[in-house]
Amino acid sequence: ILNVEQSPQSLHVQEGDSTNFTCSFPSSNFYALHWYRWETAKSPEALFVMTLNGDEKKKGRISATLNTKEGYSYLYIKGSQPEDSATYLCAFPSNTGKLIFGQGTTLQVKP
Amino acid sequence: GAGVSQSPSNKVTEKGKDVELRCDPISGHTALYWYRQSLGQGLEFLIYFQGNSAPDKSGLPSDRFSAERTGGSVSTLTIQRTQQEDSAVYLCASSPPRTSGRAEQFFGPGTRLTVL
Numbered sequence: 017i018l019n020v021e022q023s024p025q026s027l028h029v030q031e032g033d034s035t036n037f038t039c040s041f042p043s044s045n046f047y048a049l050h051w052y053r054w055e056t057a058k059s060p061e062a063l064f065v066m067t068l069n070g071d072e073k074k075k076g077r078i079s080a081t082l083n084t085k086e087g088y089s090y091l092y093i094k095g096s097q098p099e100d101s102a103t104y105l106c107a108f109p110s111n112t113g114k115l116i117f118g119q120g121t122t123l124q125v126k127p
Numbered sequence: 521g522a523g524v525s526q527s528p529s530n531k532v533t534e535k536g537k538d539v540e541l542r543c544d545p546i547s548g549h550t551a552l553y554w555y556r557q558s559l560g561q562g563l564e565f566l567i568y569f570q571g572n573s574a575p576d577k578s579g580l581p582s583d584r585f586s587a588e589r590t591g592g593s594v595s596t597l598t599i600q601r602t603q604q605e606d607s608a609v610y611l612c613a614s615s616p617p618r619t620s621g622r623a624e625q626f627f628g629p630g631t632r633l634t635v636l
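Protein chains in written order, with the working numbering: chain A, 17 to 127; chain B, 521 to 636.
Here are the computed distance ranges between Cβ atoms for each label pair: (1) Gln97/A / Ser558/B: 25 to 33 Å; (2) Gln25/A / Ser578/B: 22 to 30 Å; (3) Gln97/A / Glu564/B: 26 to 34 Å; (4) Ser529/B / Gly76/A: 23 to 31 Å; (5) Ser101/A / Ser558/B: 19 to 27 Å; (6) Ser110/A / Gly560/B: 20 to 28 Å; (7) Pro581/B / Thr56/A: 17 to 25 Å.
Don't read these hints as lab results, they were simulated from the structure.
In this text, a Cβ means the ideal position worked out from N, Cα and C, and glycines have one as well.
Chain B extracted, bound-state conformation (with noise of 0.2 Å):
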């Protein structure tokens, strides 16, 4: 079956321009996740939207960062006046509807973004 995608693969984008970000979850996962790696750097956590609950938006770097989710599927991360720090992979992922975090994460294949 398909799984998570995300669009585009690769955007190389200027400094100050805003850039969107795009992941279709796998279909009927309540969770999706947005998560970033700068270079030499792990997994960091960016914002996490569960069902219809508020999105926990704890790992947002600043306010140029958003996020959302439209009717519980396909998420977009916006960025706004695009900085080169910001420069890195953006991975989406999701998982189903299990109770208490036992449910898997599937991770689409990313975003990498170049900001010149």
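Here chain A stands alone, though its shape is the one from the complex (with noise of 0.2 Å):
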């Protein structure tokens, strides 16, 4: 059964703060990690798909690396707005391709 593990489970942060999460998943039979960002009341959106180690992408303040060897990929976002408030998930693709989810890091930044 593959375990995607997202920490930490919830984060508060003042505006301006930066800060990061991980998300821990199988080393092996690696495909690809997604990022998403969920925000209240609306559907998810993507952020990244990452399929190389040690790639970095960067969207804005938001950005994530990948370590596929050891099995992490870490989101950043530097200098928090009040408006990055959501629920940040990663998934891993199964072998057939199918999306797992993490619980997702929800994160909340006071003004």
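Could you use the hints to bring the two separately framed chains together as a complex?
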């Protein structure tokens, strides 16, 4: 059974703080690692799909790194803003292509 | 272009009634997923369709739940004899035919189901 773990479960930071959270996934049979952002009352939206060990992707103040050998990815948010408040999900595809989602890290940014 | 659409956006039903939820994926997307989010919970996988392969139904919570995908496009999730614990937001997602799970998922706006 594939297990995708995210930590911490929740995070409260002040506006302007930088923050990061972790996604752990099986290091064998790696295909890709996805990050999604899920705002309250909206649907999840893809942030990144990462496929190469050592890959680093960036979208504005959000970036992600990938270590496929040890099975983890970090998501960083620089200078958090209240609009960054959301649940951040990572997902790992099984051998059938089905995405296995972690439970998410819920970020609350206080103004 | 058009995204994933779902209907209805809201559904209120009485306990014991059957409901059908519809998902129209993005044209050309071969993979289609159903998830649900119960109050205060995370994303719960229900069922996965990939092309012409047999669907992965491992997430369906009971035999009251079933789903079809006709012609490789539109999907219907049916819940028979609804119970109050079925109340949730039901999300559909689709993804294009890229191998090995490298294709991002595109989510629909969801159907909010309330069982009274």
